[in-house]
Amino acid sequence: MTNCGICGRGTSDNELCRYHLEASNNLRVAYEGWKEATGINWEEYIVKIAQIEETGRWVIDVIEYITSQDDPLTKM
Amino acid sequence: MIITEKPTAAKRIANALDDNQSPIEVKKRGASYFECKRGADDLIVVYALGHLFELKQTVKGWTYPRVDTEWVPKYEVDKKATKIKPIINLIRRLSKDIDSFIVATDFDIEGSLIGYLTLKYACKTDPSAAHRMSFSALTDNDIQHAHDSMSNSLDFPMIESGQVRHEVDWLFGINLTRALTLAVKNTAGWFKIVSTGRVQGPTLSYVAIREQKINVFVPQPFWVIQVKTLHNGVEMELEYSKKRLEIETDAKKVVNDLEGDTAHVDSINSRTTKQGPHPPFNLSSLQAEAYRHFGFKPSRTLAVAQSLYLDAIISYPRTSSEKLPDTLNLKEILNGIREMKIYSPLAKQVLQVGNLTPVQGKKSDPAHPAIHPTGTKPTKRLTPTEKKLYDLIVRRFLALFGEPAVKEHLRADIRCNEHLLYLRGLRVLKQGWMKFYDQYSKTEEKELPELSEGDSMVLSPVRSDERYTQPPPRFNPASLLKLLEKENLGTKATRARIVDSIKSRGYSLRDRFELSTLGYALYETLERYMPDMLSPELTRRLEKEMDEIQKEQTNRKAVLTRAKGNLIQLLDAFKVQEQEIGTALVLGLQRYWKSMEEVGDCPKCSDGTLRIIRSSKTGKRFVGCSNYKDKKCDQTFALPQKGEISPLDMMCSHCGHKMIQIASGRRKWETCINWTECPGRREELKALDERRAKQANKKKEVSDE
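Protein chains in written order, with this note's numbering: chain W, 1 to 76; chain S, 1 to 705.
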């Protein structure tokens, strides 16, 4: 049993709890739509998403988490 | 003896039944009753105060499981119910000389149960020998008719169903709440009531699931084309035929294609639509409409409607029916409404047309018709809230007789090369029923400018707006209530209270149902260890069984035995995991208290945290730095002393300090923790000072008088 790297909730094998994992998956899946719609790259994308009011709280947590890592791309 | 549900109802019933319409109120030791004469009968009208008796466990001890209960006077379980004792004593004394008992409580499950329990435990008589008056409005005519045609027996299936509902709700509410509370106590030694219940658990899960969807939401972009043009000196905004474009380059191309180009009116189309009146109100549609127009919480609407019912100016509000039966004297009601100055012209119009066939809805209720005005004039001055709700009910009723409204929808198709644009207009050709429903059915008319086919116009400016998809909306009290109704959870009488309980227990924050960290902690814990406590399946099955009792397809004993079996299974499983559940709840509670107390980093010392603190000396609250105890930082901020404070996830746009919301009664306002010094809040402070001075003056005037 490990703890979520963001909120400290218990998690079985993942680095993130199931809520933050779902937010992280959504962030990744939504990137495909954004890339197709705007041609935006990953770094620009996460900066943009973090600024939009409609973005979920856990998604913002994930963005803050991955941008604090050495290589945000590999963390995804 | 006639047993009624409330003092107001007793007075009204006594007045209606007394031959001279002047009953005598006899006051005795903190309670009263009415004496009246009807023909050869001497009637005594007594009242309850809602339920006089409540369930109590037969075996002592604040623990679980406790599955055996008995009915006891309410004051034995609720110390605040001090008015109940004299009422029970009075009924008990009076009952000794009674020949015949009549129950005249509200004709629904709760009313029937109140009557039955009063007969059994206060009058100490055999309920099977009692009579039942049933009515849907407290007008003189309805009451007299109900008395003259009363039934010779009580509705026992309805009573059994009500009894089992109380028993099952008690069993689940008390035992599950104790299980959760004791899990916390046994883990951390704190006594903090953590409540749940048969319907509260599933309701919490709906709120939590919605919150999760909002929290993991990632918006997608889309673009909306905005086109303006000038035609005959009139500026017009055109609508691009595709409401949204998914690709940014496509949107840019459309802008490039259209900007400065000339478009032509291709065709002008018009179609007319007819829209009939809305069906009569039942409780849930009244609650939804009152929330929409006045912002009333469902529980408030119910309370106000109940007060209008007790004043005999509307029919019984706890109804599911959207139908007005043929037996209702609509002409008489309309004649009554005609006597009220404000509605007189509208009622006259309905009566003049003569076709008194109202629109009916689909839902029905065997006990009561849809909510409607009785036509009786209010006997007292209505409060502003009552006035609003009464107006809504009267206008909805009048609208039922109106003709369909006819609307003309106009659309000009404007072409620019391969692009199609629209200009829309809307005209109400015939008001029909909307004239009666007035401000509650406003249609925004939009004139189509003077245009002819072939007209040309230059499109400029043209731009594309980047927008984002929206997360699902949070529940509001009305939408959560509607969901409970759709899912068949709770009853029309209990749903509003359950919706309120989610907030009052601290499981949600602010006006919209934003789940609190405590709500999350409870939801997560139950979902992980005891998912059955959140599942609507168990409670839905119980609701079905309670309905079956009313239809005499099953009985109270069988349903209760099954419910107890289910509960024991749940509690056994709980006990095994009590420690894990307790630990999870304690962590959640710590997070909750932290979120309710902490208001961010200290701006002065930078390594301290600002917290809401209550002074042990003065009892006043303020914001202070966590480093204060170590004498490292003395940063403090004054706080308003009244109302519930909750920190907001935003900073003040004027001074950059944390924002908070203060909820005091029905009033809610937002400010920053630096509100006494904030340059942007001087006006607020000035207004507050003025309000205080005004209040002080008022108090002084009152004391001088």
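Any given hint could be a false lead.
[As the list claims (entries may be wrong)] Each computed EDC-like pair below joins lysine to aspartate or glutamate, with the alpha-carbon atoms no more than 16 angstroms apart: (1) W:48 <-> W:22; (2) S:387 <-> S:311; (3) S:37 <-> S:140; (4) S:124 <-> S:142; (5) S:668 <-> S:684; (6) S:377 <-> S:391; (7) S:564 <-> S:68; (8) S:37 <-> S:78; (9) W:48 <-> S:466; (10) S:252 <-> W:61; (11) S:407 <-> S:466; (12) S:213 <-> W:36; (13) S:632 <-> S:601; (14) W:35 <-> S:684; (15) S:56 <-> S:70; (16) W:35 <-> S:466; (17) S:252 <-> S:601; (18) W:35 <-> S:248; (19) S:11 <-> S:142; (20) W:35 <-> S:332; (21) S:348 <-> S:332; (22) S:185 <-> S:578; (23) S:253 <-> S:70; (24) S:213 <-> W:22; (25) S:363 <-> S:466; (26) S:213 <-> W:61; (27) S:377 <-> S:311.
Hints listed in this document are in silico derivations from the structure and should not be mistaken for laboratory results. Nothing here was measured: the structure is a model prediction, and the numbers come from that model.
Going through the hints against the structure:
1. W:48 <-> W:22: Violated. Residue 48 of chain W to residue 22 of chain W sits at ~19 angstroms, over the 16 angstroms cutoff.
2. S:387 <-> S:311: holds, 13 angstroms
3. S:37 <-> S:140: holds, 15 angstroms
4. S:124 <-> S:142: Since the Cα atoms of residue 124 of chain S and residue 142 of chain S sit roughly 29 angstroms apart, the hinted pair is violated (cutoff 16 angstroms).
5. S:668 <-> S:684: Measuring from Cα to Cα gives roughly 14 angstroms; hence the hint holds.
6. S:377 <-> S:391: holds, 13 angstroms
7. S:564 <-> S:68: holds, 10 angstroms
8. S:37 <-> S:78: Between residue 37 of chain S and residue 78 of chain S the Cα gap is close to 36 angstroms, so the pair fails against 16 angstroms, i.e. violated.
9. W:48 <-> S:466: holds, 12 angstroms
10. S:252 <-> W:61: violated, 33 angstroms
11. S:407 <-> S:466: violated, 33 angstroms
12. S:213 <-> W:36: Cα-Cα ~24 angstroms, so violated.
13. S:632 <-> S:601: holds, 14 angstroms
14. W:35 <-> S:684: violated, 46 angstroms
15. S:56 <-> S:70: The hint holds at about 5 angstroms.
16. W:35 <-> S:466: Given that 16 angstroms is the threshold and the Cα spacing comes to 15 angstroms, the pair holds.
17. S:252 <-> S:601: The given pair, whose Cα atoms are some 44 angstroms apart, is violated under the 16 angstroms limit.
18. W:35 <-> S:248: Satisfied, since the Cα-Cα distance of roughly 10 angstroms is no more than 16 angstroms.
19. S:11 <-> S:142: holds, 15 angstroms
20. W:35 <-> S:332: violated, 68 angstroms
21. S:348 <-> S:332: holds, 12 angstroms
22. S:185 <-> S:578: Holds. Residue 185 of chain S to residue 578 of chain S sits at ~11 angstroms (cutoff 16 angstroms).
23. S:253 <-> S:70: Answer violated: residue 253 of chain S to residue 70 of chain S is near 76 angstroms, above 16 angstroms.
24. S:213 <-> W:22: Holds. Residue 213 of chain S to residue 22 of chain W sits at ~10 angstroms (cutoff 16 angstroms).
25. S:363 <-> S:466: With Cα atoms ~44 angstroms apart, residue 363 of chain S and residue 466 of chain S exceed 16 angstroms; violated.
26. S:213 <-> W:61: holds, 15 angstroms
27. S:377 <-> S:311: holds, 9 angstroms
The structure is inconsistent with the numbered hints 1, 4, 8, 10, 11, 12, 14, 17, 20, 23 and 25, although it conforms to all the rest.
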